[in-house]
Structure formats: C-alpha cells, structure tokens
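**Student:** Each chain is listed here by its residues.
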Amino acid sequence: MADKATIIMQSGYYDRLYSALVVGTGALSMGMDVSIYFTFWGLDRLKKGRLEKGPLSRMNMLGLGKWMVKRKMKKANVRSLKDLMDDYIELGGKVLACDMTMDIMGVKREDLDRDLIGDYCAVGTYIKEARESDITLFL
Amino acid sequence: MADKATIIMQSGYYDRLYSALVVGTGALSMGMDVSIYFTFWGLDRLKKGRLEKGPLSRMNMLGLGKWMVKRKMKKANVRSLKDLMDDYIELGGKVLACDMTMDIMGVKREDLDRDLIGDYCAVGTYIKEARESDITLFL
Amino acid sequence: MADKATIIMQSGYYDRLYSALVVGTGALSMGMDVSIYFTFWGLDRLKKGRLEKGPLSRMNMLGLGKWMVKRKMKKANVRSLKDLMDDYIELGGKVLACDMTMDIMGVKREDLDRDLIGDYCAVGTYIKEARESDITLFL
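Residue numbers (the numbering used here), protein chains in the order written: chain A, 1 to 139; chain B, 140 to 278; chain C, 279 to 417.
If we strip away everything but chain A, and leave its shape as in the complex, we get:
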C-alpha cells in the first residue's frame, strides 16, 4: 500500500490553498496517495468560479497585495492555483467535500464545481484515512 498524505483544508486563503496543492502534487509525484478534505472556508473555494478568489492570509505584508503576488508568480513562472489543481487531480489526488460544512453553511451540491470534487464525505472517512497516513496536516 502506498504512503498517504491527508490534509484538512479549512481556511480559504489563497496562499494556504496554494501550499496544500504544492504539498499534494509533490507527494503524488513521489508515489504517495493524497486526499484533501475541504471544510468551512476551504469548501467555499470549491464553489463554481471561486477557486482563485481567496484573499491572502496576510494582506499587505511584505508590501504585497494579492494582485502583486499573482503578478510576481506569473513573472517567476510559478503555476497558477487553477493549473496546480488540474495537476493535482490529474495525478490522482482526491478532492473531498465535507457534508457537515455543506449543512452548516447551506451549500448545495449544485453550488459546487463538480469538475473538482471527487466525493462528498463525513468525518468518519477522514479519520479512517488519516490514521493510516504518514503525513497529516490541518490548514
């Protein structure tokens, strides 16, 4: 059985989602299985057209706004969030939407971008995977 990484993506911040996907694609390309569980503000990023819409976790720090960061990323030839997500899914990474968050936030399945989501699940699924994982992170 392959090594596993299991990430809870609770925050909706641009840079945190970026790191989740960098770690995710990195782990996949090194032969690991990876699942990312989207909860609360993270789940909001899975709504149609909202993937890239998260703010930075620290505005204006380093004197950089989000626009500036994205421009620098482009110039530095760094992949966009959308490209990273496509890579992640193509490499076999699982995107899981948290049922409970959908209940709490009143999010319906038709609000979400079905092209991104692998499955819907509750906490039991997470625990089952996480306890067998070599890397467990909460973002």
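Watch out, some of these pointers could steer you wrong.
Said to hold, decoys possible - With a straight-line Cα cutoff of 27 Å, these simulated DSS-like cross-link-like pairs (lysine-lysine) come out:
1. C:K325 x A:K74
2. C:K350 x B:K186
3. A:K108 x B:K214
4. B:K186 x B:K213
5. B:K192 x B:K221
6. C:K331 x C:K360
7. A:K4 x A:K128
8. B:K143 x C:K282
9. A:K108 x A:K82
10. A:K48 x A:K74
11. B:K211 x A:K48
12. C:K352 x B:K186
13. A:K75 x C:K325
14. C:K350 x C:K360
15. C:K326 x C:K350
16. C:K406 x A:K128
17. A:K72 x C:K326
18. A:K47 x A:K72
19. C:K386 x C:K406
20. C:K372 x C:K348
21. A:K53 x B:K209
22. A:K48 x B:K209
23. B:K187 x B:K221
24. A:K72 x C:K325
25. A:K48 x A:K94
26. C:K386 x A:K70
27. C:K406 x B:K143
28. B:K267 x C:K372
29. A:K128 x B:K233
30. B:K211 x A:K108
31. B:K267 x A:K4
32. A:K47 x B:K211
It is worth saying that the hints were derived from the structure and are not from the lab.
Fair warning: this is a prediction, and the values are worked out from it, not measured in the lab.
Mind docking chains B and C on chain A? Use the hints.
**Tutor:** Just chains B and C now, with coordinates in the frame of chain A:
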C-alpha cells in the same frame, strides 16, 4: 495500544475549535485515544463561560456572520460547541491546558473552567504523546 | 534512526512561531530530529532583523497587545523568540528556506539572515522528510 490523535489547539476561532472537536469525537468513536492541547487563544476558550465566545476565523465570508452560522447550525440540527465538548469528554477525550501559556498570559487556574480540564502540562507531555500518534494536527 | 518532527511554518505570527520553536526545542531535547520549513509569511521572519517582528495572530484578545505579551513573557521568565531560535539551532534543529516562496515573493538570499538558515529547498525535500516523520504540523 489504541491508535492516537494529538491536536494542538492554538487558535481561539469558533470554527477551528468546532473542527477540532468533530475530529476528536470522530476519532474517539472509532476507538482512538485523543488529546487536545489548548495553548494561547485556544486556552482562552477554556476560561469560565468563554467556550462559545470565539469569533469565526473569517468574518462575513460567504456573507455569513457568526450569529447566522449558529442559526444555520441549529436549523441543520448540527451540535453546538458545548454539546460537542461534552460528548468529547464523555467519550474519554483529554483536554490539556498549557502551563507555559498560563504563565505568559497571566491566566490562573481559578480563571479556567475546571469541569473541562483534564490536566495541566508542558511541552514534554505533548511530544511524548505526539511522537506515538497516528494523527498530529496544529489548529 | 531517530524519530522525526517536520513543521511547515507558513504563518508569520509571533505566537505561532513561538509555538513552533517550543515544540521544536522540546522534540530535540527528547532526542528527535526536527526540521522547520519556512514558507510565505514564515519566511519573512528569516529576513535580516525581522525574527521578532511578527504580529500576534489575534490582536487585543485577552485585552493584550503584543507589547503587553512580551512584557508578561519577560516577567514570567519565558524565553524570547531570539533565545528560542538560538537554542533550536544549537540543539541541531534544521531551518529550511523555501525556494518557491523566494521566487514568488522576490526574496533574495542576501535579504535573509544567513546565521539562521541551514539550507534552501523545494517541496521534494519536505515530502521526503515528512513521510518519515512521527510528527507533521502545518503552522
């Protein structure tokens, strides 16, 4: 020896504590041992009468204030933070208060809700548990 | 081979870096190997003269500003961030700077405090270490 999950609860945000307790009760009900170490703003939630007082980690996102989230949770028949904490403790989950935070923040034992706290401890206790844990998270 | 702890330090907040170093030195003193990967706002703390400059993750909470927290820490005889970092490095803790963040943020090696940094690296290094780690955290 049972599988273990060990969580550091540093943030005081309502939704993050909610997730800690959902993961915690989920893991307990699947036969795992669970410890949550409350530090900094997380510890603040253990003061008398303050469990439910944390703000959301992202105000106004999704157009929802905390009041709205709580109302939606009630309507969706989702458990309150207080109920989740009670379940967590009843299922055998450990609540640990960080000594060092108490020193730094000038928090005294009589400030805390003794009904919640299982023990007081320092970093050595955390490391000892975490290195044997299958799931380690920092919230 | 010694047990390992591997931490991603993405946030630049004073109290989160504090906890990373407390966990790090604690784990080192109990015989573990520890690596901290500094990304995004965490990396900003490795710039010359910026180690102690991070804001608290929750201003004014508990009625305490950062100045107040630092004063309380001094009074409580708690170690400063600088002292903790020195201990961490002296005990053999590794400080790793994320290449990709440096590209994205336009940070140059000469901007960073070379006395702190053990090495520069990309995500592959992180995955390799993290999958062998007993404790994995994302701050």
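**Student:** So which hints don't hold here, by number, going up?
**Tutor:** none
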